[in-house]
Amino acid sequence: MKRIILPILAMFFVGNIIAQQDLKPSKTQFMIRGYGSAGFQSLNDEGEKESSFNSGTFAPIMLFKFSDKFMFETEMEFAYENGELETALEYADVMYILNDYMTIRAGKFLLPFGTFMERLHPSWINKLSSVPLGFGHDGIVPSSGVGVELRGTFTVSGSKFNYAVYSTNGPKLNDGSMDPDEAGILHFDNYEDNNKNKSLGGRIGYLPFTDSSTEIGFSFLNSKVGNTESDYEKIGAKLIAYDFSFIKKVNPLAGIIDIKAQYNKSLVDDAEYFEPLDGGGFEEYTFNNTSNSFYAQLSYKPTMSASNFLKNIELVGRYSELNTPEGAEWESNVKQTAFGINYWLSWRSALKVNYQITDGTGGHGGGGIDKKLFTIQWAFGI
Amino acid sequence: MKTFKIVSIIGFIGFATISCSPERAAIVQGKSGVQLWSETCMRCHNTPSPADFNDADWSTIEMHMRVRANLTADESKKIFDFLRSAN
Numbered sequence: 003m004k005r006i007i008l009p010i011l012a013m014f015f016v017g018n019i020i021a022q023q024d025l026k027p028s029k030t031q032f033m034i035r036g037y038g039s040a041g042f043q044s045l046n047d048e049g050e051k052e053s054s055f056n057s058g059t060f061a062p063i064m065l066f067k068f069s070d071k072f073m074f075e076t077e078m079e080f081a082y083e084n085g086e087l088e089t090a091l092e093y094a095d096v097m098y099i100l101n102d103y104m105t106i107r108a109g110k111f112l113l114p115f116g117t118f119m120e121r122l123h124p125s126w127i128n129k130l131s132s133v134p135l136g137f138g139h140d141g142i143v144p145s146s147g148v149g150v151e152l153r154g155t156f157t158v159s160g161s162k163f164n165y166a167v168y169s170t171n172g173p174k175l176n177d178g179s180m181d182p183d184e185a186g187i188l189h190f191d192n193y194e195d196n197n198k199n200k201s202l203g204g205r206i207g208y209l210p211f212t213d214s215s216t217e218i219g220f221s222f223l224n225s226k227v228g229n230t231e232s233d234y235e236k237i238g239a240k241l242i243a244y245d246f247s248f249i250k251k252v253n254p255l256a257g258i259i260d261i262k263a264q265y266n267k268s269l270v271d272d273a274e275y276f277e278p279l280d281g282g283g284f285e286e287y288t289f290n291n292t293s294n295s296f297y298a299q300l301s302y303k304p305t306m307s308a309s310n311f312l313k314n315i316e317l318v319g320r321y322s323e324l325n326t327p328e329g330a331e332w333e334s335n336v337k338q339t340a341f342g343i344n345y346w347l348s349w350r351s352a353l354k355v356n357y358q359i360t361d362g363t364g365g366h367g368g369g370g371i372d373k374k375l376f377t378i379q380w381a382f383g384i
Numbered sequence: 203m204k205t206f207k208i209v210s211i212i213g214f215i216g217f218a219t220i221s222c223s224p225e226r227a228a229i230v231q232g233k234s235g236v237q238l239w240s241e242t243c244m245r246c247h248n249t250p251s252p253a254d255f256n257d258a259d260w261s262t263i264e265m266h267m268r269v270r271a272n273l274t275a276d277e278s279k280k281i282f283d284f285l286r287s288a289n
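Residue numbers (our numbering), protein chains in the order written: chain S, 3 to 384; chain D, 203 to 289.
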């Protein structure tokens, strides 16, 4: 796969350079954008200390504009982990603008489930070097899906609304047959559907003020999640999220205040799972499969300062928590507090210095969680 | 929980009704590209410099961002007309 992707990527870069030599814009346009990061981290995990430079990630975004209504967009991710180049397809979708109020997308696209994963997760946008609890690996929130989506924006007498409705393959339930420790977990990398049911999801966003400073949103996703022709075929899941955003230049504070928050809840129908016993055989058990996560982030950037140095500084604080079901093998109650000082080298490049404290109980290892993480990250958009 | 949902829905509808008015619609319609650029882009990231891309690139970015950032057709046109005029 990598042998195919890398030469294709090289051809795109060369093609783009050659294309830029011809200054007359063509009707069909192609552009590479994206983002990347590099950094250092020092982790104290219950007294065990380790530190390492890391090469970070590089995520090229390719945009193919065929007309004023028709575009293909894709983002790949490259990361060097454990001595190997890891690749991933973040999204690859085709979109067509039907009219001023409706756009249709199909393929693999970022899901508008809340706002963090769709809008805020890229390293040059995310104000901290980590994602909040509940997102990413071991998270309870979907980031992308394969399917079709209708979305749009409209104004009503000065207030703005945006909406998205989509159908995808949906999440799939880990029934524990392969990994009993993860029985009951939802997986969101369902690129080939595990059942005949398709998920239905959507989000409605409301911006009440004329300066677009405030947005509140509600998201949902309903789906059957069990494998076809298994005991879990009828198991369904309901996911909801509430999100809030406020960003405004506040003159008395001589800078920009930015508040972001999102609450996520996952409700999976009750089911019987099986735990292997030491002496052989299995023990049947069940639990109330409800999880939730929450984050709130506040940042301040003194953009009106007379000092060129100070106006590029940004202070960030974030609290997040994740609670997974009591009685599950993956039961956890985790809280995380993160602080950061960022220095913006340009509008799309920041040097982030972060300190993050994570504590709680549970997780894959069971027992207590007590982690302190110090990171320095240089993130950039291209 | 049901009470919370009912109060939230009623509150939302009431707030939405109060916040919609012809005067506010006129304010939104009258906004310039530079105003919308300064207010809208920073909802997710810092406001971009017009000089960083040429006209053709801004046209491509316009379509990408119109969909990703939920911009109205009018907002999108005004913002990117400004960026193309100022680069």
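I should point out that these hints are in silico values taken from the structure, not numbers from a laboratory.
Glycine is no exception: its CB is placed at the ideal position from the N, C-alpha and C atoms.
Just to be clear, a hint being listed does not mean it is correct.
Using 20 Å as the maximum straight-line C-alpha spacing, the simulated EDC-like pairs for lysine to aspartate or glutamate come out as follows [said to hold, decoys possible]:
1) LYS29/S to ASP283/D
2) LYS280/D to ASP47/S
3) LYS279/D to ASP213/S
4) LYS280/D to ASP260/S
5) LYS373/S to ASP70/S
6) LYS29/S to GLU225/D
7) LYS374/S to ASP102/S
8) LYS71/S to GLU264/D
9) LYS233/D to GLU264/D
10) LYS233/D to GLU88/S
11) LYS313/S to ASP260/S
12) LYS374/S to GLU79/S
13) LYS233/D to ASP183/S
14) LYS71/S to ASP276/D
15) LYS110/S to GLU86/S
16) LYS29/S to GLU264/D
17) LYS240/S to GLU277/S
18) LYS29/S to ASP257/D
19) LYS279/D to GLU52/S
20) LYS71/S to ASP257/D
21) LYS267/S to GLU88/S
22) LYS250/S to GLU235/S
23) LYS337/S to ASP191/S
24) LYS373/S to ASP361/S
25) LYS71/S to GLU225/D
26) LYS71/S to ASP254/D
27) LYS279/D to ASP271/S
28) LYS198/S to ASP271/S
29) LYS240/S to GLU333/S
Cβ-Cβ distance ranges computed for the label pairs, FRET-style [unchecked claim]:
30) LYS204/D to THR339/S: 46 to 52 Å
31) ASN289/D to LEU91/S: 17 to 23 Å
32) GLY369/S to THR205/D: 23 to 29 Å
33) GLY319/S to ALA227/D: 17 to 23 Å
Hint check:
1. Taking the CA atoms of LYS29/S and ASP283/D, the gap is near 18 Å; set against the 20 Å cutoff, the hint holds.
2. Between LYS280/D and ASP47/S, the direct Cα distance comes to roughly 51 Å. Violation of the 20 Å bound is thereby established for this hinted pair.
3. A hinted pair counts as satisfied when its Cα atoms are at most 20 Å apart, and LYS279/D with ASP213/S qualifies at roughly 17 Å.
4. Annotation: proposed proximity of LYS280/D to ASP260/S is violated, straight-line Cα distance about 24 Å (limit 20 Å).
5. At most 20 Å may separate the alpha-carbon atoms for a hinted pair to count; LYS373/S and ASP70/S exceed this at roughly 49 Å.
6. For the given pair, LYS29/S sits about 40 Å from GLU225/D by alpha-carbon distance, which is inconsistent with the 20 Å threshold.
7. For the proposed pair LYS374/S and ASP102/S, the alpha carbon gap of about 48 Å is over 20 Å, so the pair is violated.
8. For the given pair, LYS71/S sits about 11 Å from GLU264/D by alpha-carbon distance, which is consistent with the 20 Å threshold.
9. A C-alpha spacing of about 18 Å is found between LYS233/D and GLU264/D, which places the hinted pair at or below 20 Å, so the restraint holds.
10. About 45 Å separates the Cα atoms of LYS233/D and GLU88/S, which puts this hinted pair outside 20 Å; it is violated.
11. For a cut-off of 20 Å, the pair hint linking LYS313/S to ASP260/S stands: about 15 Å separates their Cα positions.
12. At roughly 27 Å between alpha-carbon atoms, LYS374/S and GLU79/S are farther apart than 20 Å, so this suggested pair is violated.
13. With a CA separation close to 56 Å, the supplied pair LYS233/D and ASP183/S exceeds the 20 Å bound.
14. Between LYS71/S and ASP276/D, the direct Cα distance comes to roughly 15 Å. Compliance with the 20 Å bound is thereby established for this hinted pair.
15. A threshold of 20 Å between alpha carbons decides the hint, and for LYS110/S with GLU86/S the separation of about 25 Å lies outside it, so the pair is violated.
16. The suggested pairing of LYS29/S with GLU264/D holds, with an alpha-carbon distance near 14 Å, which does not exceed 20 Å.
17. A threshold of 20 Å between alpha carbons decides the hint, and for LYS240/S with GLU277/S the separation of about 25 Å lies outside it, so the pair is violated.
18. With a C-alpha separation of about 13 Å, the suggested pair LYS29/S and ASP257/D falls inside the 20 Å cut-off, and the hint holds.
19. Proposed proximity of LYS279/D and GLU52/S is contradicted: the alpha carbons are some 51 Å apart, above 20 Å.
20. Taking the CA atoms of LYS71/S and ASP257/D, the gap is near 17 Å; set against the 20 Å cutoff, the hint holds.
21. Our distance criterion of 20 Å between C-alpha atoms is broken by LYS267/S and GLU88/S, whose separation comes to about 30 Å.
22. For the hint linking LYS250/S to GLU235/S, the alpha-carbon distance of about 48 Å lies beyond 20 Å, and the restraint is violated.
23. Straight-line distance between C-alpha atoms of LYS337/S and ASP191/S comes to about 25 Å, which puts the hinted pair past the 20 Å bound.
24. Of the pairs offered as hints, the one joining LYS373/S and ASP361/S holds, with about 6 Å between alpha carbons and a cut-off of 20 Å not exceeded.
25. The hinted pair formed by LYS71/S and GLU225/D fails the criterion: a straight-line CA distance of about 32 Å is larger than 20 Å.
26. Of the supplied pair hints, the one linking LYS71/S and ASP254/D is violated, its CA atoms being roughly 24 Å apart against a limit of 20 Å.
27. Distance hint between LYS279/D and ASP271/S is unfulfilled; the C-alpha atoms sit about 46 Å from each other, more than 20 Å.
28. The straight-line distance between the Cα atoms of LYS198/S and ASP271/S is roughly 18 Å, inside the 20 Å bound, and the hint therefore holds.
29. Of the supplied pair hints, the one linking LYS240/S and GLU333/S holds, its CA atoms being roughly 19 Å apart against a limit of 20 Å.
30. At roughly 33 Å, the beta-carbon separation of LYS204/D and THR339/S lies outside the given 46 to 52 Å, and the hint is violated.
31. At about 32 Å, the CB distance of ASN289/D to LEU91/S disagrees with the hint of 17 to 23 Å.
32. Range check, GLY369/S to THR205/D: Cβ separation about 39 Å, and the 23 to 29 Å hint is violated.
33. With their beta carbons about 37 Å apart, GLY319/S and ALA227/D fall outside the hinted range of 17 to 23 Å.
Going through the hint list in order, the structure does not satisfy hints 2, 4, 5, 6, 7, 10, 12, 13, 15, 17, 19, 21, 22, 23, 25, 26, 27, 30, 31, 32, 33.
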